[in-house]
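Peer 1: Fit chain B to the given chain A structure using the hints.
One line per chain: the protein sequences are A and B, in this order.
Following our numbering from start to finish, the first sequence increments by one per residue and tops out at 230.
Following our numbering from start to finish, the second sequence increments by one per residue and tops out at 230.
Careful: at least some of the hints might be erroneous.
Because identical chains cannot be distinguished in the list, a pair is counted as satisfied if it fits within a single copy or across any two copies.
[Unchecked claim] Cut-off 27 Å, straight-line C-alpha distance, at most; resulting in silico cross-link-like pairs (DSSO-like, lysine-lysine):
| # | residue 1 | residue 2 |
| --- | --- | --- |
| 1 | Lys165 | Lys86 |
| 2 | Lys14 | Lys133 |
| 3 | Lys14 | Lys86 |
| 4 | Lys165 | Lys14 |
By construction, these hints were calculated from the structure, which means they are not laboratory data.
Protein chains: 2
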Amino acid sequence: MTRIRFQQSLDELKEQLLVMAGLAEQAIQRAIEAYRVRDLSICDLVSRSELAINRLERDIDQAALDLLAMEQPMAIDLRFILSVIKINADLERVGDSAKAISDRVRNMEQMAIVDLPVDIPRMASLAADMVRKSLQSFIEGDAELARSVLAMDDAVDAMNRGAYKSLTEVMEQQGHLAPQALNALMICRALERVADHATNISEDVIFWVQGTDVRHHKSVTGGRDPHALA
Amino acid sequence: MTRIRFQQSLDELKEQLLVMAGLAEQAIQRAIEAYRVRDLSICDLVSRSELAINRLERDIDQAALDLLAMEQPMAIDLRFILSVIKINADLERVGDSAKAISDRVRNMEQMAIVDLPVDIPRMASLAADMVRKSLQSFIEGDAELARSVLAMDDAVDAMNRGAYKSLTEVMEQQGHLAPQALNALMICRALERVADHATNISEDVIFWVQGTDVRHHKSVTGGRDPHALA
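Next up, chain A with everything else stripped away, as it sits in the complex:
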C-alpha cells in the first residue's frame, strides 16, 4: 500500500467512526425524547439504532485490525488506530446506555406520569454535549477541547448524586412512587455512564494527539476519578 493509499484508509476509518458517533448520539437523543413524551414507537427506533451500532462496531474493529496487520504503522498512526479501537468500544456502550434508557421508558408505560425532583432532559443535554465535544476534539485532533470535556464530567457526576439523594427521599416518603422514582434513577445512572464514555473518548484523543496517558490523573480534571461509579 502506498503512503497515499494508507492515508486514505485512515481517513475512511475516521469517517466510519464518525458515522458510529452520529448513530450513538442520535440514539441517546431519541431515548430521552421517548422518556419525555413516553412514546414507545421512539423506543423501537432506539432498539434498531442499537443493532446498527453493534454491526458498525464490528466493521470498524475489523477495518482497524486489517490496517494494523497490513501496514504495521508507527508512532502517531499506530496511536490513532488504537484510539479508534477504544473510541469505537465506548460509542458502542453509549448505544447500550440509550437502549437501557428506552428499556426503562417501556417499563414505565403502564405507570402514571408523576412529577419527580430531577431534571433528566437537562442532565441528558449535558451528557450529549460531552459526547459531541469529545468527538469534535477527535475530528480536529484538539487536545485542549478534549481536556475541557474531562472537566464537564464533574457536573454530570454531581447531578447524578443529587438525583440519587432526592429520588431516595421520594421513595422513603412516598412508597407508591418507588417504581417511577427507581426508573428515573436508572436513567440518571445511564446518562452518567454516557458522560463517562465521553470522558474515556477525550482521554483517548489526548493520548493519540500528545502520546500522554491522562487516565486516572485526578489533577487533570481537578476532580473525581472519571471512571468512578455513582
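Peer 2: Just chain B now, kept in the frame of chain A:
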C-alpha cells in the same frame, strides 16, 4: 528483537495481565466481604486495590503499545496483543465495580442491617466465577471454556432482574427501607456489570484464538445481548 525475545515479551505481557486479573478478582471478593460483614476497613483495602489496578492498567497498555510499535506483529500475535488491550480495559472496570460496591457499603454504614429479598453473596460468587473462568480461558487459549462463560451471563442477568423486581416491591411497601433496598439494588447492578466484563473478556479470548468476532451474535449464547443493561 529476536523471535525468542519477542515470545518472552508476549509471555511477560500475559503475566502482567494475570496479575491485573488477580487484583480485580480480589477487589470484588473484598467488596462483597465488606458488604457481608459491614466492615469499612475492608472498603479501604478495595480503594487501595483500585488505585493499584489503575496504575497497572497504564503499564500494561504501554507495554502492549511498545510491542505493537517495535515488533509489528502479524496475525495471531497481533490479535493476542489487541485482546490484552481490551481485556485490560475490562479488568480495570471490574475494579471500578468493586469500588462502586464498597462505596455503597460506606453509604450503608449508618443504616440498620435489614433482611432483604436478595442473595447478594450468591450473585457475587457467580459473577466472580465468570471472571475466573474467562481468565482461565485466556491462560489456556481455550475457546470452548470461553463460550461456557457467555452462557453463564444469562443466569446473572436473570438474578439482577429478579433483584430489581423484589427490591422495588420492598420500596413500595416499606418506604423506610428504601435506602437499604436501593443500595442493595446498586450492588446487584455492579455485579451484573462484572458479569458483562467477564463476557467481554471471553469474547476477546474467542477472537484471539479463533479470529472470530462473536459479539452481539445472540445465537452463540442463545440469550440476550451480553452488553444489555438491566
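Peer 1: Does each hint fit the structure? Answer for all of them.
Peer 2: Here's how the hints hold up against the structure:
In this homomeric assembly, Lys165 and Lys86 never come within 27 Å of each other (Cα to Cα): the closest approach is 33 Å inside a single copy and 34 Å across copies. In the homo-oligomer, the alpha carbons of Lys14 and Lys133 lie at most 27 Å apart inside one protomer (16 Å), although the nearest pairing across protomers, at 36 Å, exceeds that limit. For the identical chains of this complex, Lys14 and Lys86 are neighbours both inside a copy (13 Å) and across copies (20 Å), given an alpha-carbon limit of 27 Å. Taking CA atoms no more than 27 Å apart as the test, Lys165 paired with Lys14 passes in neither setting, with 41 Å inside one copy and 43 Å between copies.
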